[in-house]
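Enquirer: Residues per chain, in single letters:
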Amino acid sequence: MYYPKSKAELQEIIRAAREKGTPLVPVSSGTPHIHGISANEKAETLDMSKMNKIMKISRDNRYARVEVGVTFGELIPEMKKNGLRLNAPFLPRANKSVITSALEREAVLVPKYQYDYTDPLLTMEVVFGTGDDFRTGSASGPGPYEELKADMVSPWGPGTVDYQRFIMGAQGTMGIVTWGTLKAELMPTKSKLFFVEAEELSVLTKFTNELLRYRTLDDCIILNSVNLAKAFSDTAEEEQDILKRAAPWTFICRICGFDRYPEKRIEIYESYFADICQKHGIEFKSAPFGNLELAAKIDSMLWDCDRRETYWKVKKGDVREILFLTPPSKVPYLTETLKNAVSAHPAEDVGITLQPQVQGRAFRIECDLFCKSSADVEELAFNAETGLLKNGAYFDRPYSNICQEVYSIDPVGTESLRKIKNIFDPDGIFNPGKLCF
Amino acid sequence: MSLSREIYNELAAIVGSAHISDKPHILAGNRAKTPDYPMEYKSAEAIVRPGSVEELQAIVKLCNKYGIIFAPMVSGVMPTAFASRPNTIIIQLSRMNRIVEINEEDRYVVIEPGVRHVQLYPELRKRGFSYTAASVGPGGSVLANFTSTSGDHHTQHGNSRANRYLLGVEMILPDGEIIRTGSLQTGSGWFCPDGPGPGLRGIVKGYNGNHAQFGIITRIAIAIDPCKGPAEPEMSGISPHHTVRMNTPCSKVIIYKFKDIDHLRDAMIKTGEAEIGSTVIKYFYLPATLMMTDSANDFWKMWTDEHKAELTMPLIVHLATRSEEEMKYEETILHDIAAELGGVRIKREYEEWWENHMDFFMIVSRLQSVLRLGGGWAPIKLASDSVAHICEVGKNINNFIHDFTDTGKIFDAPEDYQIIPMEYGHFAHIELLIMWDRTDPNVMKGVGEFRAASRQTDIDNHFHAEMPVFLSPGSMQIGPLYSNFHIWLKQLKEAFDPNNVANPMM
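Chains A and B are the protein sequences, given in the same order. FYI, my numbering numbers position 16 of the first sequence as 16, with every residue one higher than the one before it. FYI, my numbering numbers position 335 of the second sequence as 335, with every residue one higher than the one before it.
Among the clues, some could well be false.
Claimed, not checked - Computed cross-link-like contacts, DSS-like style, restricted to lysine-lysine with a CA-CA straight-line distance of at most 30 Å: (1) Lys192/A / Lys328/B; (2) Lys270/B / Lys252/B; (3) Lys244/A / Lys339/A; (4) Lys20/A / Lys490/B; (5) Lys20/A / Lys56/A; (6) Lys279/A / Lys395/B; (7) Lys264/A / Lys279/A; (8) Lys328/B / Lys419/A; (9) Lys419/A / Lys270/B; (10) Lys23/B / Lys264/A; (11) Lys126/B / Lys259/B; (12) Lys257/B / Lys126/B; (13) Lys328/B / Lys190/A; (14) Lys81/A / Lys270/B; (15) Lys190/A / Lys252/B; (16) Lys328/B / Lys285/A; (17) Lys264/A / Lys316/A; (18) Lys192/A / Lys270/B; (19) Lys257/B / Lys264/A; (20) Lys264/A / Lys42/B; (21) Lys56/A / Lys395/B; (22) Lys149/A / Lys252/B; (23) Lys264/A / Lys80/A; (24) Lys206/A / Lys126/B; (25) Lys270/B / Lys279/A; (26) Lys61/B / Lys42/B; (27) Lys257/B / Lys149/A; (28) Lys7/A / Lys490/B.
Hints in this document: simulated from the structure, not taken from any laboratory.
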């Protein structure tokens, strides 16, 4: 295990590993590592958790720059103090690295603030497999980091290549990120939460698709009853109660107002929301199944991370996630395909979350197979993934065995990725065995 | 050097003899058209016009076989679309001009390179959709706009620059192989640009496009959104004396002027924080005056009487809302912000001029209609960062521009830069537009000196005010200042274009 505390230490470790041919696997978050750490038994772990400084939070320019070891548990309160919020994933674990989450293109809660799949990560510093450091976008220069006057928030380039896109989603195979700049949003001064319950998912996705075209909503998420119960319960009894009373699908959304005339903004946007609900014959409520206490709990938890002793996804011991992206038109079909594919798993242990992303142009569908050990459900999950892939699901973040299926579809594309890997990590020391490398 | 007849005949066999030419008058008509760029104007050896991806792929493979350089072109707006060295053929893509798919449910369109704004925009507008289009005018290639230009545009305050809307891409690599990025790579459709895992999309475009240095893009999907305002704007008159209006109470242009860039910056930031406004822009006051006038006399009168002194710091705001109530809400906030920062509303007739020319906010043909008519011009800087930093860059222009404006080397318009926030003020783009008398043979030296001074000032101040571009001798020089990007760029180029045939600039 290596625990670098600075870029210089990290470069030294990488150069030594390169000389010895030692594979390195970066880790920045605390346990549990749901997608596993390494596919390579000889690899040594590069634990980045000691690089955990919050470097800058700018209220005026709405960003935060943090080292890779900074967790949601640490950053969210600091952002709040500055009147800011992160566009974060749904209830991430408190010890999860904020930068790793963004690098992995994890789904975020507010699609209207996400203009690209790379959002909210703006710029970064990375050390490549050669030991050279590099900064992306407007952090690239001119000159050394310490002397730059820019806020380093522009994500593109430098020049005609988007280097950031080689590093994001690469699961640590292209380079080791030391810090990143994250887009932040103003903390609303007022907000209002709405719930829509449905027996059929297609009802919700159709109207969500229309709602998001007009940027009416802030938070936006659809949960099946299992994930609603798992995420927002503190006891087994509470979980069972929610599971029993909740509709099969619950759509949760929020409308916000900011410093200026917040009530008026909410009133106007609520009228748009109501119009679209009416058009689709949908009734919205202020609490799921009339449970105001649960609504208040959801309200307070949505903008935070999971600070409970046991992360909500591993209450049963372990979880195997099936993650994919799809455009709105395919959501009902692929969700049905998914449900059929995992029907052998107990229904009360199949959690499904749908998050519209990038202004609602796509949905991240996440299936959580709650289990004692993910190894027990691996075959089922893999078969489900294979079937979904054949039916058009996009595994943009492939983990474990599905990688081989994903990368065998387009050999030219896969070979092109290897060419890029060969430039930034010429000796293949970063996370060998992952993805197609 | 000219192509051998054998190679010419092989190319002709691919595209058909009607779609290839090496006639001197055809080649002469396809040299770089912008005489303001200090480059040697070369003729290509031939021009070929493929009609399909298969033909294009065969041409690229042939170029590799014989070591022929290729430069793709559609509208020829950029000098990089022409031959810049011997042994080059131009691949004119205008025959590949199909709108392949309009997907209203998933909000994207798939287009070929030859599709022009004038072709796509009305198709979408009548369906109630729009897309982000930069100031190239209706004849520009939509694909080139998204993949080759910076992609900044005047309405990006309420959305973003074109990079954010480029989805799946199909591209012929320099060696003739075809790649498909993002969700296309696994046959999952056009909707997502990234992954699986790391994204090949990285070689398609960075801050700017690579102008075919990594291959030729054959089809792209771009994201579309519901258009603001009615599907059919109200048009009257004959160009250039035409008007394009949004006949709705939910569209309004309001212009405030501020006493300096600091106050204008704060107004931009606060407008973004409130998430109001479709367009927010500090616009070039020199081209604005050109757009508003019909003759040199009118121009000089308006410029000297008013604009030069009065419109140095204008904040042009286009409010486009979904209801009159929302319009009232946004107007109230805008007026509050202006009042807090000492903004002064300009004459209503100026606001009306913008309201009468909504094409500025759509295809932006207005700007192109004036720039190429008279003097030499060039955009300088072209970078983005926070609104605050970009305004600091703008403020600094005054520290070096007067040596050039006061001596007549460039037009005396020291505040002629635009700043356009994007994503409700998370970032902003800057562009300094200089103009000069291109009939004066001595002036190019001064223009060159100005460009150098501008760049050096930014380097000295460590301002992120000019993004390096292609793999070129210039990039090799400044690369060490920008994280040594030139080293990585060169390696990428060598890996993907081993024969150095894809529009090389080195």
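Enquirer: Is Lys257/B close enough to Lys149/A, meaning Cα to Cα at most 30 Å?
Expert: This hinted pair holds, its Cα atoms lying about 27 Å apart.
Enquirer: Taken at face value, is the distance from the CA of Lys126/B to the CA of Lys206/A at most 30 Å?
Expert: holds, 22 Å
Enquirer: Would the pair Lys279/A and Lys395/B pass a check requiring their Cα atoms to be no farther apart than 30 Å?
Expert: violated, 50 Å
Enquirer: Lys419/A and Lys270/B were given as a pair; does the straight-line alpha-carbon distance stay at or below 30 Å?
Expert: Distance of about 45 Å is beyond 30 Å: violated.
Enquirer: Take the C-alpha atoms of Lys149/A and Lys252/B, compute the straight-line distance between them, and say whether it is at most 30 Å.
Expert: violated, 36 Å
Enquirer: Between Lys264/A and Lys42/B, is the straight-line Cα distance small enough, at 30 Å or below?
Expert: violated, 62 Å
Enquirer: When you check the alpha-carbon spacing of Lys20/A and Lys56/A, does it fall within 30 Å?
Expert: Judged against 30 Å, a Cα distance of about 36 Å means the pair is violated.
Enquirer: For the pair supplied as a hint, Lys244/A and Lys339/A, confirm whether the alpha-carbon distance does not exceed 30 Å.
Expert: Holds, because 19 Å separates the two Cα atoms, which is no more than 30 Å.
Enquirer: Starting from Lys190/A, check that the Cα of Lys252/B is at most 30 Å away, please.
Expert: At roughly 28 Å apart (the allowed maximum being 30 Å), Lys252/B and Lys190/A satisfy the hint.
Enquirer: Are the Cα atoms of Lys328/B and Lys419/A separated by 30 Å or less?
Expert: violated, 55 Å
Enquirer: Checking one constraint from the list: CA of Lys257/B to CA of Lys126/B, max 30 Å. Satisfied?
Expert: It is violated: about 35 Å lies between the C-alpha atoms, which goes past 30 Å.
Enquirer: Take a quick look at whether Lys192/A and Lys270/B sit within 30 Å of each other, Cα to Cα.
Expert: holds, 23 Å
Comparing the model with each numbered hint stated earlier shows that hints 5, 6, 8, 9, 10, 11, 12, 17, 20, 22 and 25 do not hold.
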